[in-house]
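Visitor: Next come the chains, spelled out residue by residue.
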Amino acid sequence: MPDTTIRDTSSQDAAYNYAYLDEQTKRMIRRAILKAVAVPGYQVPFGGREMPLPYGWGTGGIQVTAALIGRDDTLKVIDQGADDTTNAVSIRRFFARVAQVATTTHTGEATIIQTRHRVPETPLTDGQILVFQVPIPEPLRMLEPRETETRTLHALSEYGVMQVSLYESIARHGRIAKTYNYPVMVNGRYIMSPSPIPKFDNPKLDRSPALQLYGAGREKRIYAVPPHTPVKSLDFDDHPFEIETWTECCALCGSTESFLDEMIVDDTGKRLFVCSDTDYCESRR
Amino acid sequence: MSTTLLAPGLADLSHDAQRLFRGVLDAFSHPGRIVELRDAPAGPGTLSPAAVAFLLTFADRETPLWLEAGVDKQEVRDFLRFHAGTPIVQAREAATFAVIIGGGGEPFAGFAIGTDTYPDRAATLVIEVPALDGGRDTTWRGPGIDGAVRVAIDGLGEGFWPAWAANHALFPCGVDLVFASGSRLIALPRSVAVEA
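These protein sequence lines map, in sequence, to chains V and P. Under the numbering used here, think of the first position of the first sequence as 1, with each following residue one higher. Under the numbering used here, think of the first position of the second sequence as 1, with each following residue one higher.
Since the hints were made in silico from the structure, they are not lab data. Any given hint might turn out to be false.
Claimed, not checked - Just a few of them, taken from the derived set where beta-carbon distance is under 10 Å, the chain V residues facing chain P:
{"no.": "1", "residue": "Arg30"}
{"no.": "2", "residue": "Gln43"}
{"no.": "3", "residue": "Ala67"}
{"no.": "4", "residue": "Leu156"}
{"no.": "5", "residue": "Met185"}
{"no.": "6", "residue": "Arg189"}
{"no.": "7", "residue": "Leu211"}
{"no.": "8", "residue": "Thr229"}
{"no.": "9", "residue": "Lys232"}
Claimed, not checked - Just so you have them, the derived chain P footprint on chain V, three or more residues with Cβ under 8 Å:
{"no.": "10", "stretch": "13-26"}
{"no.": "11", "stretch": "68-74"}
{"no.": "12", "stretch": "275-283"}
To be verified - Some chain V residues flagged as far from chain P (calculated, every beta-carbon gap over 10 Å):
{"no.": "13", "residue": "Asn87"}
{"no.": "14", "residue": "Val89"}
{"no.": "15", "residue": "Val164"}
Computed from a predicted structure; not experimentally measured. C-beta: ideal position from N, C-alpha, C; glycine also.
Please model the entire structure based on the sequences and the hints provided.
Guide: Shown next, in the form of structure tokens:
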């Protein structure tokens with residue numbers, strides 16, 4: 001007997017299809033995600049839709065999440081590591097309303113984590129999906145403005161221009177001065193923008209057991225890093241890649257291993273360093 | 001006019017497709033992993049539930065489908081046209097998706113492999129096999145696999161793995177595969193090297 005039960009949708013906003021996007025759009029995004037997983041680091045064009053928030057606020061990530069999410073999922077959304085900032089709160093509430101989905105702030109409990117500009121400090125596990133919001137998906141864009149040209153450079157794996165830009169940084173500053181959106185090589189084939197995460201987070205992308213999906217709404221691109229895939233931050237033999245370090249520890253939890261934000265706490269310019277990842281910090285206090 | 005009843009498609013279009021998609025995504029993210037698609041619909045003819053589930057999840061009017069003669073039955077055409085609206089094509093190169101039995105002969109010849117600038121414009125082939133284990137032992141390595149994984153898909157032709165090696169060598173171009181048996185499937189994206 002076919003299942004003819006009409007499921008209760010009373011707590012979902014009935015004005016919208018489940019997860020906001022129509023089924024045709026979700027299918028199109030799902031096909032793009034499959035191809036993105038099949039060619040790690042390659043930017044798959046997709047028919048990005050207008051979302052009920054402006055470009056730059058996570059329209060790409062939110063479309064990827066909408067194509068993924070189901071009633072069994074638990075969603076976590078972070079903005080610069082924090083669960084309680086405007087962007088994170090509004091996206092979390094959006095999916096709670098249109099997709100009846102459980103939400104959490106705990107990294108370990110989430111099945112899908114949508115993130116703006118951070119990777120959680122707590123190591124991710126098999127079965128979790130990390131969805132990045134990406135403003136500019138093309139890592140070569142600041143070096144070559146023409147899309148036809150960057151596309152050819154990727155096709156030919158012709159990445160000399162990127163190495164030259166890193167070399168120029170060393171010549172000018174004595175080190176590679178790029179601290180965020182630090183370019184990576186995925187599976188030895190495609191140079192990829194990891195989105196504007198601090199380079200501190202780059203090592204977490206390498207051979208992660210979680211699936212990483214990247215969505216760029218304005219540029220209409222989706223790309224992916226499957227689990228256990230090598231992700232190498234570009235460097236030189238005599239100038240190896242290094243992450244940021246701090247002499248201070250977190251003023252709230254005392255962590256010496258997490259990414260710290262510098263806060264100015266009074267009018268006299270008193271400074272405080274605290275964890276950028278609020279869930280990690282709270283779990284240690 | 002045919003009097004046979006059309007087999008039912010997805011009972012709950014949105015939620016069933018979402019669940020099936022996550023199953024297939026799990027398979028693509030972990031090549032070699034056997035993924036059971038719970039509630040895969042039975043479908044028409046000799047199509048396996050996993051193949052039916054894959055097509056109902058991903059195929060629509062924008063994705064031409066190519067069917068091997070063994071599955072290209074009127075009831076299958078009717079079913080896919082009604083539930084997915086997918087155009088069924090004769091030319092392999094026009095197909096986004098295809099259903100193949102066993103993968104004998106030159107299984108990938110003629111299908112779109114994408115281009116160097118747009119490798120995503122490549123076909124995904126669903127290969128119907130008798131079983132996902134118990135066949136010839138192979139070792140898979142690549143993105144999504146922690147080291148190596150052993151897979152023993154049954155019922156593939158003698159020339160299949162050499163043909164796959166040629167397809168993998170085209171990376172980033174090349175076709176992607178889904179092996180379907182009953183309600184279970186294994187995915188093999190072009191990025192994965194197979195030692196047969």
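Visitor: Would you mind marking each hint as holding or not holding in the structure?
Guide: Status of the hints after comparison with the structure:
no., hint, in the structure
1, Arg30, "holds, 5 Å"
2, Gln43, "holds, 9 Å"
3, Ala67, "holds, 8 Å"
4, Leu156, "holds, 7 Å"
5, Met185, "violated, 13 Å"
6, Arg189, "holds, 7 Å"
7, Leu211, "holds, 5 Å"
8, Thr229, "holds, 4 Å"
9, Lys232, "violated, 13 Å"
10, 13-26, "holds (count 6)"
11, 68-74, "holds (count 5)"
12, 275-283, "violated (count 0)"
13, Asn87, "holds, 25 Å"
14, Val89, "holds, 24 Å"
15, Val164, "holds, 22 Å"
The structure is inconsistent with the numbered hints 5, 9 and 12, although it conforms to all the rest.
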